[in-house]
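Colleague: Each chain is listed here by its residues.
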Amino acid sequence: MSAETSSAAAIGEVEGASLYDTDHPAPLIEAPRKRTKKTPKSTRTNFELYGWMFMRLSGIVLVVLVLGHLLIQLVLDGGVSKIGFAFVAGRWASPFWQIWDLAMLWLAMLHGANGLRTVINDYAQRDNTRFWLKMLLYTATVFTVLLGTLVIFTFDPNMR
Amino acid sequence: MPAGTLYRGREGMWSWVAHRVTGVLIFFFLFVHVLDTALVRVSPEAYDKVVATYKTPIVACLEYGLVAAILFHALNGLRIIAVDFWAKGPRYQKQMLWTVVGVWVVLMVGALYPVLGHAVRELFGS
Ligand code: HEM
Ligand code: HEM
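One line per chain: the protein sequences are A and B, in this order. Mapping to my numbering: the first sequence position 120 is 129, numbers consecutive. Mapping to my numbering: the second sequence position 32 is 35, numbers consecutive.
There may be inaccurate statements among the hints.
Said to hold, decoys possible - Result set (DSS-like, lysine-lysine): computed pairs, CA atoms no more than 30 Å apart in a straight line:
#1 B/K52 - A/K91
#2 A/K91 - B/K58
#3 A/K143 - A/K50
Hints in this document: simulated from the structure, not taken from any laboratory.
Build out the structure end to end from the sequences listed, making use of the hints.
Modeller: This is the structure we're talking about:
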């Protein structure tokens with residue numbers, strides 16, 4: 010470095026004399042992405058790794074929950090024909106099926122929302138579009154999860 | 004097909020496309036499904052009225068389509084997991100895909116009568 014800054018003659022007439030020498034050192038340029046006091050503590054997390062693991066773990070559980078649900082609702086005991094308010098009242102009388110539906114609601118919604126986040130990231134190219142599509146997705150997801158949870162816990166078989 | 008969107012274009016790409024399309028479809032169904040189930044908090048009549056549309060022949064066909072989407076997404080999802088975690092997964096991904104398709108066809112044939120039987124009886128008398 011000193012060779013470049015001190016030997017102005019080597020550069021030639023056109024470039025002129027060097028602006029810097031030992032008495033006037035060049036300003037120090039910080040290395041890009043260097044960790045300094047101003048850098049926030051966690052600029053990087055393992056969020057995407059956990060998301061990736063969650064897609065696989067929730068997927069395995071959902072195979073049992075969702076395929077079991079479809080079997081009960083569409084195949085066993087007369088298929089869709091039997092479904093009605095009385096049928097739901099009978100099922101949610103049991104804590105087992107309440108927990109089943111609750112777990113299915115949360116896992117399927119989070120799995121699906123995280124999947125859709127990937128899809129939006131892939132196809133929405135403008136920053137603004139991507140941001141608002143994801144806000145719409147998160148709003149719809151929170152709303153649906155809360156509504157579904159509320160319905161399971163406040164269901165009243167004798168409302169009429 | 005626009006240039007640049009055909010990634011290799013073999014089984015691996017098409018199973019990925021199908022996995023993505025079915026996943027998005029199921030998510031939209033689930034959103035509507037939680038809304039219609041929420042009608043049990045409105046009144047028994049409101050719920051039974053909406054569920055009645057689920058029993059019509061046209062919607063029965065949609066239900067068959069939903070079953071098709073979920074069965075493919077679930078079976079192929081297990082294949083993805085096997086490719087990721089099983090040491091020999093990537094080498095057998097093609098064989099596993101055809102296994103998925105085979106099991107899917109068998110299950111879809113098995114679902115024909117339970118899911119569509121009542122619609123056929125309604126259309127052609129019992
Ligand atoms: C056409 C096929 C389907 C029918 C006929 C059906 C029917 C029902 C019925 C009658 C209930 C009321 C509670 C109960 O009986 O357990 C219910 C709740 C529920 N179903 Fe389904 N279902 C279907 C497909 C699905 C699928 C594919 C999923 C998941 C992706 C799903 C997720 C849920 C959830 C999360 C609840 C709880 C809703 C809440 O918390 O308010 N269902 N379903
Ligand atoms: C039935 C059991 C299920 C299994 C085994 C399963 C498995 C998987 C797996 C392994 C992935 C890949 C994640 C990745 O590439 O990183 C995935 C993606 C996805 N899943 Fe599922 N899933 C299931 C149910 C569902 C349900 C119920 C929904 C909708 C509510 C859903 C929606 C999605 C979406 C939207 C994606 C993203 C697709 C993409 O990025 O191309 N899945 N699933």
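Colleague: Assess, step by step, whether the Cα of A/K91 is no farther than 30 Å from the Cα of B/K58, and give holds or violated.
Modeller: 10 Å, holds
Colleague: CA of A/K143 to CA of A/K50, is that 30 Å or under?
Modeller: Holds. A/K143 to A/K50 sits at ~26 Å (cutoff 30 Å).
Colleague: B/K52 and A/K91: Cα distance at most 30 Å?
Modeller: With Cα atoms ~13 Å apart, B/K52 and A/K91 stay inside 30 Å; holds.
Figure legend: structure checked against the earlier numbered hints; every hint is met.
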